[in-house]
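A.B. asks: Sequence:
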Amino acid sequence: CKECGKSFRHNSNLIVHRRTHTGEKPYACCACGKPFSDRSNLAKHQRLHSGQKVFRCRDCRKTFGN
1 CKECGKSFRH NSNLIVHRRT HTGEKPYACC ACGKPFSDRS NLAKHQRLHS GQKVFRCRDC
61 RKTFGN
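Be aware that the sequence shown starts at 1, since it is given in the UniProt record's numbering, and climbs by one per residue.
None of these hints come from the bench; they were simulated from the model. If you're wondering where the values come from, they're calculated on a predicted model, not measured in any experiment. Among the hints, a few may not be true.
Said to hold, decoys possible - List time: in silico SDA-like cross-link candidates among lysine to any residue, alpha-carbon distance up to 20 Å:
| # | residue 1 | residue 2 |
| --- | --- | --- |
| 1 | 6 | 16 |
| 2 | 25 | 14 |
| 3 | 44 | 13 |
| 4 | 44 | 59 |
Claimed, not checked - Between beta-carbon pairs, the in silico distance windows are:
| # | residue 1 | residue 2 | range |
| --- | --- | --- | --- |
| 5 | 61 | 2 | 21 to 31 Å |
| 6 | 46 | 12 | 31 to 41 Å |
| 7 | 11 | 57 | 17 to 27 Å |
We put the CB at the ideal spot given by N, CA and C, even for glycine.
Let the sequences and hints guide you as you build the complete structure.
C.D. replies: Here it is, written out as structure tokens:
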């Protein structure tokens, strides 16, 4: 990275990293419009709208969305 000197094996990781410096957020939630810098964070956020519960507590077995 020209800004901070961090290096990456894959150019795609550098592209995502550079957004931390530029503030670019090209992925927006279709439900509320909130922007994200990468698809994985958008996907996590969208579970809030869908009600999808993908995490289960090992102790009580209750499920959670995040």
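A.B. asks: With reference to the structure, classify each hint as holding or not holding.
C.D. replies: The hints, checked one at a time:
1. 6 <-> 16: With Cα atoms ~12 Å apart, residue 6 and residue 16 stay inside 20 Å; holds.
2. 25 <-> 14: holds, 15 Å
3. 44 <-> 13: Holds: residue 44 and residue 13 sit about 19 Å apart, inside 20 Å.
4. 44 <-> 59: violated, 23 Å
5. 61 <-> 2: 21 to 31 Å: violated, 49 Å
6. 46 <-> 12: 31 to 41 Å: violated, 21 Å
7. 11 <-> 57: 17 to 27 Å: Distance hint for residue 11, residue 57 is violated at roughly 39 Å.
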